[in-house]
Structure formats: C-alpha cells, structure tokens
Amino acid sequence: MSYLDTPHKKKSAVLTTIIMSVILYLIFAFGMTYLDPPEEYGIAVNFGTSDVGSGSAESEPAPTSASEEMVEEVTEEVEQEEVEEVVPVEEAAPEPVTAPTKAEDVATQDNAETIRINKQKEAKRKANEIKKKQKEADLQAKLKADRIKKQKQAVEAKKRAIAAKKKAAAAKKAREQASKRKGVDGLFDGLNNGKGKGKGKGKNGVGGDGDDNKAGNKGNPNGDPNASGYYGNGGGGKGGNYRLGNRRAVTKPKPIYDCNEQGKVVVKISVDKSGRVLTAKGGAKGTTNSAPCLIKRAEAAARKTKFNSDGKAPSKQVGTIIYNFSLSN
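According to the numbering used here, the stretch in the sequence shown is residues 1 to 329, in order.
There may be inaccurate statements among the hints.
Taking lysine-lysine pairs in the PhoX-like style, the calculated list, with each CA pair at most 25 Å apart, reads [claimed, not checked]:
(1) K254 with K172
(2) K306 with K268
(3) K124 with K144
(4) K172 with K285
(5) K119 with K144
(6) K144 with K131
(7) K135 with K121
(8) K166 with K180
(9) K296 with K254
(10) K268 with K296
(11) K254 with K268
(12) K135 with K124
(13) K167 with K180
None of these hints come from the bench; they were simulated from the model.
Model the full structure from these sequences, guided by the hints.
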C-alpha cells in the first residue's frame, strides 16, 4: 500500500497495533467488574399476642422451645440487618428530589428576568434608533427648506435688482428725452419764426402788440397775427411756416384741405443733410386744433417738403412746419 511505503510508517503501524491490543486486554480483564446487588429482606413486624393493644411497655414473650428461640434470634438478626439497610435509603431519598427543583426554579426565574431585561434593552435600543433616524430626517428636511428659501431669496433679489436697473434706465431715458425735448423746444422758441399777439391800448385808443414798454405793434409785417414770437423769418397763410434754422424750404407743397375744421397745426420734422424730410409728426407744441383730419393732411404735406442741402448740417436736423387752416379762405 502507498501509506506503508517507508520503514518508519511500517514500524509505526506495528507499534500502534500492539498498544491498542494491550489496552483492549486491560479493559476487558480488569476494567469491567460486576458487583452483586444486596439481598432483599422482609419488613420487621412488632411482637404481640393479639390484633389489638394499648400502652408503651412491651411484654416479655413466653418461654419457647429451642427451635422457637432460634427462629426468634434469626428474626432479630434479620430485623437489625433490615433496619441498618433501610434507614440510609430513607434518608438519602429526598435529597435528589428537592434540591434540583429549587435550582430549576431559580434558573427559570433567572432566565425569565434575563429575557425581560433583554427585551427592555432591545426595545430601548430600537426606540433610540427610531428617534435618531427621525431627528436626522428632521435635520435634513430643515436644511433642504433653508436651501430652497435661500435660493428663492436669491432669485427674488436678482429679480428686484433687474427691475430696479430697468426702472433706473427708464427713468434716465425719460430724463434724457425730457431734457432733449426741453432743449429742442427752447431752440425752437429762440430760433424759429416767432408770431405772437399782445393786446393793449395806447394813449390814443389805438391797439398795440409787444413785450416792450413802448407803444406800437411789435413783430414782422409778414408775420402771423396769432403767433406768440416777435423775431424770425415770418410767413403765413396756408403755405405754412418752415422753421429749420438757417435752411430754407425749396419745395413747399400745400396740404389738401378737405376737412370741416380750422386752426393751426404744428408738425415736428427731422431733415437730413440733403434736405429730405425723414419724419413728420403733427400736433407739436403750438397746435390749436388736433383734429385727426388736419393732423393727417399737415403730416402728408410736411413729408413732401424739400429743404436746401447743407453739408455742415447735422445728419438729422430737427425743425417744425406750421400750417394754418381756415374755412374762410
């Protein structure tokens, strides 16, 4: 065999076999001894001569023959031996019954107490774990709410900043437009043809017009009696008054007058360097009648107007054209 391939393994197998044989022999020869059980005896019975009796004094038995004495001696010996054999059995009997019962009760009580304590600990641990999870969930919810609130606040702040910026830009633009309008109006008041009418009475009852302290009718002989200014190149009638600084109108188309309205319409125009009218908007300052029909006719005539070219003029020079509409003419 492969497991006895060396001399050492063979010697070990032989020694093991010898040792096991010796051990088995010793076990069977000396280890298994059988003791005979003790003999069983009868129960001792008190001596008496009848089935009833009283008192504690035992009467002496009557003399008997030799055979009876031998029987009595044998009986006494049996009683003594039986008493000696029975007493230890009665004393030892209760011990194995009572002691284990108390130990088992104590062990059972200990186990029940241990189980109860373990259950309490487990319940407490679970409660703490649930409380911890709930606390963590509340914290996460609070952090999320704070984060959303901050984001909303940031968005609202950004919107307010944009709105404020737009409002400021609009206000600035409005101020610039107002300032520009004011400057243009001032320019028109100073440069445009002035036509005005002042009312007063002289010493001789003759009417006067002007802003001086001298008698007379101040203005231009070719001016408009309804104008409010006193200086400029006056012109009147249906042809209109063309006010564009030092530039003159070379083409002056008259507006179509088919409206049942009368009054003065001031058209604000913008002209390029070549003299072409770029824009025309009726109803500017000085207009006395803003009827749509008059405004439309005045704007149409203003767009057809042509001014002299001027290379030094701005690319978009602003001026006005005044049209006087009268039903009497």
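Holds or violated: K166 with K180, Cα cutoff 25 Å? 20 Å, holds
Would the pair K135 and K121 pass a check requiring their Cα atoms to be no farther apart than 25 Å? Holds: K135 and K121 sit about 21 Å apart, inside 25 Å.
Is K296 within 25 Å of K254, Cα to Cα? Since the Cα atoms of K296 and K254 sit roughly 13 Å apart, the hinted pair holds (cutoff 25 Å).
Against the 25 Å threshold, does the CA-CA distance of K119 and K144 hold or violate the hint? Between K119 and K144 the Cα gap is close to 37 Å, so the pair fails against 25 Å, i.e. violated.
Given the hint that K254 pairs with K172, does the C-alpha gap stay at or below 25 Å? Roughly 40 Å separates the two Cα atoms, so the pair is violated.
Run the distance test for K268 versus K296: straight-line Cα separation, threshold 25 Å. Holds: K268 and K296 sit about 13 Å apart, inside 25 Å.
Between K124 and K144, does the CA-CA distance stay at or below 25 Å? Distance of about 30 Å is beyond 25 Å: violated.
Quick one, are K254 and K268 close enough, alpha carbons at most 25 Å? Given that 25 Å is the threshold and the Cα spacing comes to 16 Å, the pair holds.
Would you mind confirming whether the straight-line C-alpha gap from K135 to K124 stays at or under 25 Å? Satisfied, since the Cα-Cα distance of roughly 16 Å is no more than 25 Å.
Going straight from one Cα to the other, do K172 and K285 come out at no more than 25 Å? Given pair K172, K285 holds - Cα atoms ~23 Å apart, limit 25 Å.
Straight-line alpha-carbon gap K144 to K131, limit 25 Å: Given that 25 Å is the threshold and the Cα spacing comes to 20 Å, the pair holds.
Are the Cα atoms of K167 and K180 separated by 25 Å or less? 19 Å, holds
Taken one by one, the earlier hints fail for this structure at numbers 1, 3 and 5, listed in ascending order.
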